[in-house]
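Trainee: Given two chains presented individually in distinct reference frames, assemble the corresponding complex, making use of the accompanying hints.
Each chain is listed here by its residues.
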Amino acid sequence: GIQVEQSPPDLILQEGANSTLRCNFSDSVNNLQWFHQNPWGQLINLFYIPSGTKQNGRLSATTVATERYSLLYISSSQTTDSGVYFCAAANQAGTALIFGKGTTLSVSS
Amino acid sequence: DTGVSQDPRHKITKRGQNVTFRCDPISEHNRLYWYRQTLGQGPEFLTYFQNEAQLEKSRLLSDRFSAERPKGSFSTLEIQRTEQGDSAMYLCASSLVQATEAFFGQGTRLTVV
Numbered sequence: 001g002i003q004v005e006q007s008p009p010d011l012i013l014q015e016g017a018n019s020t021l022r023c024n025f026s027d028s029v030n031n032l033q034w035f036h037q038n039p040w041g042q043l044i045n046l047f048y049i050p051s052g053t054k055q056n057g058r059l060s061a062t063t064v065a066t067e068r069y070s071l072l073y074i075s076s077s078q079t080t081d082s083g084v085y086f087c088a089a090a091n092q093a094g095t096a097l098i099f100g101k102g103t104t105l106s107v108s109s
Numbered sequence: 001d002t003g004v005s006q007d008p009r010h011k012i013t014k015r016g017q018n019v020t021f022r023c024d025p026i027s028e029h030n031r032l033y034w035y036r037q038t039l040g041q042g043p044e045f046l047t048y049f050q051n052e053a054q055l056e057k058s059r060l061l062s063d064r065f066s067a068e069r070p071k072g073s074f075s076t077l078e079i080q081r082t083e084q085g086d087s088a089m090y091l092c093a094s095s096l097v098q099a100t101e102a103f104f105g106q107g108t109r110l111t112v113v
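Heads up: the protein sequence lines correspond to chains G and U, in order. With our numbering applied, the first sequence corresponds to residues 1 to 109, in that order. With our numbering applied, the second sequence corresponds to residues 1 to 113, in that order.
So here's chain U without its partners, still in its complex pose (with noise of 0.2 Å):
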């Protein structure tokens, strides 16, 4: 197993474009988790999955976001309409189940111009 998997690692797009985002959780993790950075500040929760499905969104996931599971493998963040204040470092996150050891993956830069 290689750990969790992000893609892209990077990604330019201009004020007001649809981005999406992937992530491979670790095999057999049933949780997946989704963050957000921005510069100088720690990761801050979005949202998680137990296995497919979305138990937990953050105030600060607006309408624009939208996350899924299928069938509780990998994941994809999607943002609408992208903002300029949307540009940080997504963190995808999995562990086998609550209480135990979370793995990030190495997150995608975006960047909205």
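Chain G with its partners taken away, still in its complex shape (with noise of 0.2 Å):
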């Protein structure tokens, strides 16, 4: 089944401070997300971008699905950016969404 790997696994920034999350993925997806995990654990969807790019506020994302991978921007970090961050993707032929181990983001003041 498809691979997803994060990096980097952790991450700990000065607020104010930009960011980048990587996500790379080992075949060609239909389906790929980004969530961040609140501290009582449910997952917040943040992107649904198989390709392309959106932005939300202080966040953005990008997919390269012809290279396989997935970036997640985010500028003027505050501490409540601080969690965990998680890359999801299925594959063409995939069913569910697989998780990479995710990228702890820790946001000082």
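Source of the hints: derived by calculation from the structure; they are not laboratory data. Any given hint might turn out to be false.
Claimed, not checked - Straight line, CA to CA, 16 Å or less: simulated EDC-like cross-link-like pairs of lysine to aspartate or glutamate: (1) U:14 - U:83; (2) U:14 - U:86; (3) G:101 - U:86; (4) G:54 - U:101; (5) U:14 - U:78; (6) U:11 - U:86.
Unchecked claim - Okay, the calculated bits of chain G under chain U, using three or more residues with CB under 8 Å as the criterion: (7) 16-24; (8) 27-36; (9) 99-108.
All C-beta atoms, glycine included, are put in the ideal place defined by N, C-alpha and C.
Mentor: Given below as structure tokens:
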């Protein structure tokens, strides 16, 4: 099945800094999503982005499907951005989303 | 629509007992997925349904696990003879069809003592 790798595993930032999280996947995808997991464990949808670029406030995401990677950009980070960010993908013949191991982001004031 | 709903939110059980979790997907979503997440790991796929048909089961879904989705609406996940290794967050998700955005519930946190 499809493999999903995220980097870096951990990221520590000062408030106001920008960051880029990367997601590599091993196969063509027809679904790619970014999630933020809140402290209570719920996965919050950030982007549904199997290809192209999207922006939502301080967050944006780009997926280059032909090169099998996706990037999540966080600008002007805030302490509330702290948490675990997951990338998940499903391939062309696939079914369920397969998750990476996540990037743990810590933003300090 | 209030999104994907899971019940209970927390469950503590003694080793060897059976437990059952419920998931109510977003209405009109045909696909329903179950995942398990242990501490420090990403969610791992367990099984999924297309309407009432269970179409795929992960090798993680041992014989002690069973899932149903009668009438293609809510789903239940049962774990028989629970073991300490079953302690995890169990997440449910739904989507309209494959390759569309999936939405997750708040999860059921299981602790086996």
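Trainee: Against this structure, judge whether each hint is valid.
Mentor: So, going through the hints one by one against the coordinates:
About 8 Å separates the Cα atoms of residue 14 (chain U) and residue 83 (chain U), which keeps this hinted pair within 16 Å; it holds. Among the hinted pairs, residue 14 (chain U) with residue 86 (chain U) is consistent with the structure: their alpha-carbon atoms are about 11 Å apart, no more than 16 Å. At most 16 Å may separate the alpha-carbon atoms for a hinted pair to count; residue 101 (chain G) and residue 86 (chain U) exceed this at roughly 19 Å. Proximity of residue 54 (chain G) to residue 101 (chain U) is assessed by CA-CA distance (about 14 Å); at most 16 Å being required, the pair is judged to hold.
Between the alpha carbons of residue 14 (chain U) and residue 78 (chain U) the distance comes to roughly 15 Å, so the proposed pair stays at or under 16 Å and holds. Taking the CA atoms of residue 11 (chain U) and residue 86 (chain U), the gap is about 12 Å. The hint holds against a cut of 16 Å. Counting residues of the segment 16-24 of chain G whose C-beta sits closer than 8 Å to any C-beta of chain U gives 0, which falls short of three, so the coverage hint is violated. With a cut-off of 8 Å between beta carbons, the segment 27-36 of chain G has 4 residues touching chain U; three or more are needed, and the interface restraint holds.
With a threshold of 8 Å between beta carbons, the proposed coverage of the segment 99-108 of chain G by chain U holds, since 4 of its residues qualify and at least three are required.
Of the hints listed earlier, those the structure fails to meet are numbers 3, 7, in rising order.
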